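Q: The chain contents come next:
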Amino acid sequence: MMRSDLSGHLTEVQPSPGRQTLIECREVKKRFRYATKGSFLAVDGVSLSIKRGELLAVIGESGSGKTTLAKIMAGLIQPTSGRVFFEGKPITSLDRRERLNFSRKVQYIPQYPDLALDPSWYIYDSIAEPLRIHRMSSSREEELKIVRSVSARFGLSLDQLRRKPRDVSGGELQRAVLARSMALNPEVLIADEPTSMLDPSTQARIVRLILDAQRELGFAVLFVTHDLQLARVISDSVCVMLGGKIIEFGSAQEIFSSPLHPYTSSLFSGSTFAGETKDNAACPFYSQCNLRAEICCNSTPPEFNIGRFRGVRCWNLGQPH
Amino acid sequence: MGSLIEFVDLKVIFHMGGMQVVALRGVDLDLRRGEVLGVLGESGSGKTVLIHAAFRLLPENAKVSGKILYQGKDLLSMDRRRAMRLIGQNFSLIPQGFGALNPFLKSWLQISERPMEHFGVGKEEGHRRAEFLLGTMGINQPSRTANSYRHQLSGGMLQRVLVAMGASGPSQVVFLDEPTKGLDEGMKRLVVSLLKKARERSDAMMVVSHDLGFLEEVSDRICVMYCGDILEVSKVREFFVSPRHPYSSALLNSLPSRGLKPIEGEIPSMVSPPDGCRFSPRCRQRDARCANKRPPMKAVDDVMVRCFKYA
Numbered sequence: 614m615m616r617s618d619l620s621g622h623l624t625e626v627q628p629s630p631g632r633q634t635l636i637e638c639r640e641v642k643k644r645f646r647y648a649t650k651g652s653f654l655a656v657d658g659v660s661l662s663i664k665r666g667e668l669l670a671v672i673g674e675s676g677s678g679k680t681t682l683a684k685i686m687a688g689l690i691q692p693t694s695g696r697v698f699f700e701g702k703p704i705t706s707l708d709r710r711e712r713l714n715f716s717r718k719v720q721y722i723p724q725y726p727d728l729a730l731d732p733s734w735y736i737y738d739s740i741a742e743p744l745r746i747h748r749m750s751s752s753r754e755e756e757l758k759i760v761r762s763v764s765a766r767f768g769l770s771l772d773q774l775r776r777k778p779r780d781v782s783g784g785e786l787q788r789a790v791l792a793r794s795m796a797l798n799p800e801v802l803i804a805d806e807p808t809s810m811l812d813p814s815t816q817a818r819i820v821r822l823i824l825d826a827q828r829e830l831g832f833a834v835l836f837v838t839h840d841l842q843l844a845r846v847i848s849d850s851v852c853v854m855l856g857g858k859i860i861e862f863g864s865a866q867e868i869f870s871s872p873l874h875p876y877t878s879s880l881f882s883g884s885t886f887a888g889e890t891k892d893n894a895a896c897p898f899y900s901q902c903n904l905r906a907e908i909c910c911n912s913t914p915p916e917f918n919i920g921r922f923r924g925v926r927c928w929n930l931g932q933p934h
Numbered sequence: 004m005g006s007l008i009e010f011v012d013l014k015v016i017f018h019m020g021g022m023q024v025v026a027l028r029g030v031d032l033d034l035r036r037g038e039v040l041g042v043l044g045e046s047g048s049g050k051t052v053l054i055h056a057a058f059r060l061l062p063e064n065a066k067v068s069g070k071i072l073y074q075g076k077d078l079l080s081m082d083r084r085r086a087m088r089l090i091g092q093n094f095s096l097i098p099q100g101f102g103a104l105n106p107f108l109k110s111w112l113q114i115s116e117r118p119m120e121h122f123g124v125g126k127e128e129g130h131r132r133a134e135f136l137l138g139t140m141g142i143n144q145p146s147r148t149a150n151s152y153r154h155q156l157s158g159g160m161l162q163r164v165l166v167a168m169g170a171s172g173p174s175q176v177v178f179l180d181e182p183t184k185g186l187d188e189g190m191k192r193l194v195v196s197l198l199k200k201a202r203e204r205s206d207a208m209m210v211v212s213h214d215l216g217f218l219e220e221v222s223d224r225i226c227v228m229y230c231g232d233i234l235e236v237s238k239v240r241e242f243f244v245s246p247r248h249p250y251s252s253a254l255l256n257s258l259p260s261r262g263l264k265p266i267e268g269e270i271p272s273m274v275s276p277p278d279g280c281r282f283s284p285r286c287r288q289r290d291a292r293c294a295n296k297r298p299p300m301k302a303v304d305d306v307m308v309r310c311f312k313y314a
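Chains B and Y supply the protein sequences, listed in that same order.
Just so we're aligned, residue 614 is where the first sequence starts under my numbering, counting upward by one.
Just so we're aligned, residue 4 is where the second sequence starts under my numbering, counting upward by one.
The following block holds chain B by itself, in its conformation from the complex:
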C-alpha cells in the first residue's frame, strides 16, 4: 500500500488489531487485453483486506472495476500483478488441500442470478453440488438434510427445489444461489451486486437474509454495489472505487457523514453525473473535479491516511490550501 506522510496531522495507518484478516490483496492490478488491439486496466493497484465478521461495501459506478476486484479476491481471475493472500498465505502458492479449503471458505455470488445456475439442473442438485465436491456429507440422507436446512433458512420450499431455474422467479433464484454458497459454511461471502436486478421488496428480502445469516454465523461479507442508500444502511466500512482505484475508504459512518474525496461528495450530493470521458489524467476524477490543479493531471495522488482506518487519494488533502 502506498503510504505518504505529507502533512503533519496525517498519520501512518495501523492494521486494526483484534479482527483477523481473512483475505488481503496487495497492489493488485488487472489488465484485460482485447482480441483486436489495445488493453484496458480494470483494476489499478488496489490494496484491500477483509476482516473476520465485517461487512465491507465496495461502491462505484459501472466500469470502475468493482466486479473485477471482487472476482480477484474470490480467486476466480488471476491478477496481472500484485498478490492475494488468504489467511496470510498467497493464494497462488496454496497446495491442493489448502486450495480446496480456500474455495470452500470463500464464496462468490454473481450479479445475474439467472446466469449463475446450470439451467438444465434441478435447483436441489445445484445446491447439493458443492457439498458433493467438498465431501461434506457421508450419505444421500445427510446431504438431503443439509440442503433442506439451508434452503429453509433462505425460505425455499421442497417444491421449489424440485424445479429448474427457468421455473422460478428472480428473487427465488437469488435465494437458491445464496443457499448454495451458504451450504458450505463459508467465512467470506463475496456478493457482486446481488440485488441490482431485483424489485425493491425482493431486494430488501435478499439483503435481510444475508444480514441475518451473517449475524448468526459470523462470516465476513464483501458487498459490491452501486446502491448508495443500501451501502449506507448495511455496511461497517466502505471503499469507493473509480477508474480501477480505491479513491476513498473508511468506516461507513465517516464516509457517508463526511466524504473527503470530491468524487465521493459529488456522488452523495448528486451534483454531477458519471462522464464517459476517459482521458489520460493521473487522477480518474480529473476532468470533472472542481478542485483540480495541475498536479492532479500529472501525477497519481497517493493514498493519504487519516486516522486508523481512513484513506483518501486526493492531492487536496495532502497540500495546505
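No lab work stands behind these hints, which were simulated from the structure alone.
Given the structure is predicted, the values throughout are model-derived calculations rather than measurements.
Just so it is clear, CB atoms sit at the ideal spot from N, CA and C, and this is done for glycine as well.
Heads up, some of the hints might be wrong.
What the hints assert, rightly or not - Interface residues of chain B toward chain Y, partial, derived using beta-carbon atoms under 7 Å: (1) E674; (2) S762; (3) M810; (4) D812; (5) P813; (6) S814; (7) R818; (8) Q842; (9) L843; (10) V846; (11) S850.
Please build the complex by placing chain Y on the supplied structure of chain B, with the hints as guidance.
A: Only chain Y this time, still in chain B's reference frame:
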C-alpha cells in the same frame, strides 16, 4: 389539463396452451397533457403490457378488450394501418434495455427511423438530425456515435441513443419502459437529466419503472400496479408522504432508507392469482371481503385507491 390518452377498462388475457393469464384486469387510467406519469410496479405487474397495448405490439395470443382513446379516437377498434400511422406519428417508445437496438444497423438510422418512416424526412436530413440530437445530449463526437453499431458503444452512450430515439420526432407522447434497470447512480442521473430535456419537446410522458427514487424525481403523478391491477393513483408528493394503499406503504418500507422491510410472502403466480384483491394474501390489513371480491376504485381526496379500507 385534459387527458391525452385514456385507458378505459383495458383487459389483456394471454392464452397459453389451455392456460389463461390475465395480464391486465380492467385498467382505467388517463395520461394528461403536460404531465409525466410514473407507473410503478414489480416484475410481472403488467406495466410493460400496458405500454405494448398502446402501441398495438402485443402478440397474437393476447386477447385485448376495452378502449385506448387517443384524443378521443380508439386505437384498438381502428383498423391496423390507420392505428399504426396514428401511433407512429404521435407516440414514441424508449424501450427497455439495449437489446432493443438492432445490432446490424448504425445508431443514426435507428434514432431517425420514426421521422423517416412517418414524417417524410430524407436520409441525409435524418443523419444530420441524429447527430444533432446526440450532440445536445453531451456526446463529444456525435458523428462517430451516430455511425457506430450497438457493440461499439458504451452503456452510457447506448442509453443516450435510446433516449434520442424517443426524442427524434415532433412533440408527442413518450413512453419509457424501465429506463434505469440495472444502471448505476451516475447513469440514473444522466437518464433523469435527459428525460427532463425530452420532456420539453413532448406533450406527455409515461414512465414505467420499479425504481421508487427515480420515479419520485421525474414524475408528477404515480400509478401503482400490482398483478395486472391498478391499486393507487396519486400525486407524487402525496404518494411518498402518505401512501393510501397497504401495498404502497409496504413497498415504500422496503427501501433501504425506510427500514429495508421486505413485504411478507411472494408475488402470486399469474396463472392462478388470488380472487378479490390481488394483494390480499400478503396484506396485513385484510379482512373477509378482500379475498372474495375485487375492491372498487374509490376517490379519497385527490387519490384513487382500490382498497376496501376506503370503500
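Q: Which of the numbered hints are not met once you compare them with the structure shown?
A: 2, 11
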